[in-house]
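Chain by chain, the residues:
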Amino acid sequence: MTFQYAPAPESTAIVNINSSNDLFINGEFTPGHGNPFKTINPATEEVLAEIAHANEEDVNAAVMAARKAYDKTWSKMSGRDRGKYLFRIARLIQERSRELAVLETLDNGKPIRESRDVDVPIAAAHFFYHAGWADKLEFAGYGDNPRPLGVVAQVIPWNFPLLMLAWKIAPALATGNTVVLKPAETTSLTALLFAEICQQADLPPGVVNIITGAGETGRMLVAHPDVNKVAFTGSTAVGQAIQRQIAGTHKRLTLELGGKAANIVFDDAPIDQAVEGIVNGIFFNQGHVCCAGSRLLLQESIAEQTIDSLKRRLVTLRLGDPLDKNTDIGAINSREQLDRIIDLTKSGEDEGAQRWSPDCVIPQKGFWFAPTVFTNVTQAHRIAREEIFGPVLSVLTFRTPDEAIEKANNTPYGLSAGIWTEKGSRILAMANKVRAGVVWANTFNRFDPTSPFGGYKESGFGREGGVQGLGAYLTSEETS
Amino acid sequence: MIGNDRVEVRKTHKLFVGGAFPRSESGRTYEATNSQGEFLANVAKASRKDARDAVLAARTGFNSWSKATAYNRGQVLYRIAEVMEGRKDQFISDIQDAEAVSAKKATHQTDQAIDRVLWYAGWADKYAQVLGNTNPVSGPFFNFSIPEPTGVVAAVAPADSSLLGLISVIAPIITSGNSVIVIASTASPIPAITLSECLATSDVIAGNINILTGDPAEIMPSLASHGDVNALDLTGITDPELQKALQIEAAGTVKRVRSAPVNPDWQATPSLSRLRAFTEVKTVWHPLGM
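Order-wise, the sequence lines are chains A and B.
First residue of the first sequence: 1, per our numbering; consecutive thereafter.
First residue of the second sequence: 1, per our numbering; consecutive thereafter.
Partial list, computed: chain A residues near chain B (C-beta under 10 Å): (1) A125; (2) G141; (3) Y142; (4) G143; (5) I242; (6) Q243; (7) Q245; (8) G414; (9) G437; (10) P449; (11) T450; (12) G454; (13) G466.
Source of the hints: derived by calculation from the structure; they are not laboratory data.
Cβ atoms here follow ideal geometry from the backbone N, Cα and C, with glycine treated the same way.
One chain only, chain A, in its complex shape (with noise of 0.2 Å):
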């Protein structure tokens, strides 16, 4: 049987977008002096707004503005006063979260159910759990008079444009850094929403600066000679890049990389809980997610049984609107972003895997990939390897928990990993042996702000959220 839906659109009414938007520069939204951009619904490939290309001249005022905000301004502010701003930003975006929820799924396609409960109260509760920190960074454990680093340039990615943002700015401001932000080009959208809600929270000149732009201005913020340390989150090799980049300057570093997490299930799991855990841990976001449980590593014995029983619940995914509230699965990214997913997946049945897909109807409009799961798959093929970023699972199979490490340590990656079993001695020793940064067990990509998140190996280094990500942000204690 299958239950009709009838739709259930999100209004658009809520959200106010510009036509053309500036630069947000010391407190004020200021013209770029790029040649601007356009920005799309990848739903509709409609045309939401034009936005200001950052060039150097606008990095420089960006970083200038930062700069004169540190010294004059907020490294001299108590770190009570500094929480206090940071309390009102988070206050802000929870008033303000169906808007940014709205928006954010128009500009990024993702479905409005998980960027109005996921996205949105995360970014949210990220300001608040760091505005408390501002005036106690003498208890974090590092050192009696830890101090702030300066300037920070961030650099963000697609995929959870806002909630991104919030990573790296509450704990830059809550340690007392200032900050110049680059949003990804094809989703700035949230990010100069952010910039009116500092302007609301009457945030200190200078102290938040977002520029709008590409790689290159990406590049030349990353290269500012006043820049004191870098965040980035995004692919490997531009982090390889960025650390070669900032090679012999003083500049400190903090990068969070790409991922291809095994998602292991053992023979006594709960099979109905861990297929729902599959779903989440590679469909969620569309797989736009660096730490995707891409790697679906089944005990043999239960294979076949949990393959059927993930194909059941596959079909009952509903792609399609994101603005729908019924909707699962939204909108890829961008056209290029479907390209690599078409590339890779193409790869897979070159290499010979099984591909399959539940039968669902694909929008003439907008960039958009079917739930995808390849069988048969072997460690040396590129679906098992490179990272997709789509919503496509790979699986593989094993026969003893040494095997399921092996496989799943068998990457240069390191960011997540997935257990499924119901024998807490074999998840605790499982946590212990595989080499990534986070590891959920019976459960799948959770966040919280209270918990640090970061990668082993290839995915990166350096921690963001729990007290571990506010170390990123501050001088070490080092004499030696």
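Take the given structure of chain A and dock chain B to it, following the hints.
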């Protein structure tokens, strides 16, 4: 004095790799001299191949050492201090030769080096309690964060503190379960070689600590670009161009890099920053439910 007319038995100064004392595979040596330029010994000059061999040994050492209990790691570190204490006179004489310092200063450096090992021995079963914690997440989950060793670390000891500086680099790396390949002070390598003899008799797992003598500018690039090295400690790299080149190489596999400290004070009580630099925080979530 009876010994005056006895011809002494001199030592061959070799590398320390995988718990053994090989010569450089290249067959090369260089002259270690005192500060007046007088000959002390021919010291093995490690090659890039020696460095690669050391990585293999360090990875093997890591696989055992990282599984040792914290209590056990603490005891092995304590054991190092015990054996060093027994070799104190030799260290003092080595340091006097190498650094042209008074007996008093050499004694002080040796005392501090032994005490530093002890300091870290005590940290082995405590740092995880200080750098880790549970996290009060907003939901029905138990969530905790723990520091884990990064893996194989390639390090360069400082040039000017031949024993204390060396120990201050090695000890924090191994305390948390990492393995290390350390290049000793090029100008003053002999205290490091004496240390390797202490390590060989201290229950240190073979390959956990590997000491190379030679030129960091020759050896380090191959370690910085090596796929099985996880982190670099550039403490002893004073040439900014070399430091930059190594940082660039490190990006190839996103290695963690601890840059050379500015005017390091080896006498001061260390902070936790070295322990932090070579650990990775792992966070584990599990649902709560009946």
